[in-house]
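Trainee: Heads up, the sequence shown is in the UniProt record's numbering, so the first residue is 1 and it goes up one at a time.
All clues stand as given, with none of them false.
Pair by pair, the computed Cβ-Cβ distance ranges are: (1) ASP42 x GLY101: 13 to 23 Å; (2) THR24 x GLY133: 35 to 45 Å; (3) GLY119 x THR67: 35 to 45 Å; (4) ALA50 x PRO111: 16 to 26 Å; (5) THR24 x GLY120: 19 to 29 Å; (6) ALA129 x THR89: 26 to 36 Å; (7) ALA78 x GLY20: 17 to 27 Å; (8) GLY112 x LYS68: 31 to 41 Å; (9) ASP11 x ASP116: 15 to 25 Å.
I should point out that these hints are in silico values taken from the structure, not numbers from a laboratory. Idealized CB from N, CA, C, for every residue including glycine.
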Amino acid sequence: MATPDDRRYTDQHEWALVQGTDGTSTVVRVGITDHAQDALGDIVFVQLPAVGDEVAPGTPVGEVESTKSVSDIYAPVAGVVAAVNDALTDAPETINADPYGAGWLIDISVPGEGGDPIGGLLDADAYQAVVDGS
1 MATPDDRRYT
11 DQHEWALVQG
21 TDGTSTVVRV
31 GITDHAQDAL
41 GDIVFVQLPA
51 VGDEVAPGTP
61 VGEVESTKSV
71 SDIYAPVAGV
81 VAAVNDALTD
91 APETINADPY
101 GAGWLIDISV
111 PGEGGDPIGG
121 LLDADAYQAV
131 VDGS
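Please model the entire structure based on the sequences and the hints provided.
Mentor: Quick look at the structure:
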């Protein structure tokens, strides 16, 4: 399974990728990893937060439902939901097909200039070690 090294990861199997800044905040895109979508199986429903919702690291922000189970999605960073991937409402299986691309879940706007809001998360090697150890 792929673990791209251009983003950071959580031990809850979310990925986070900085999309850029809008002057006063940094936008971080969030999704679930290839390992997570593989473990879940065929994804049939996704519940995402509303744009404008405040989120905190480690708190549930939605759910992914598969033919096997329902799994919470956790925020990797603190901020405000700036966008949700509405395409997943009609095509949740996109997460299975492209978890690191078209299957993204939400964008979170992290307040503050500078710094790296995802710097404290796991890099690809550390995340792979978590997966290998599970």
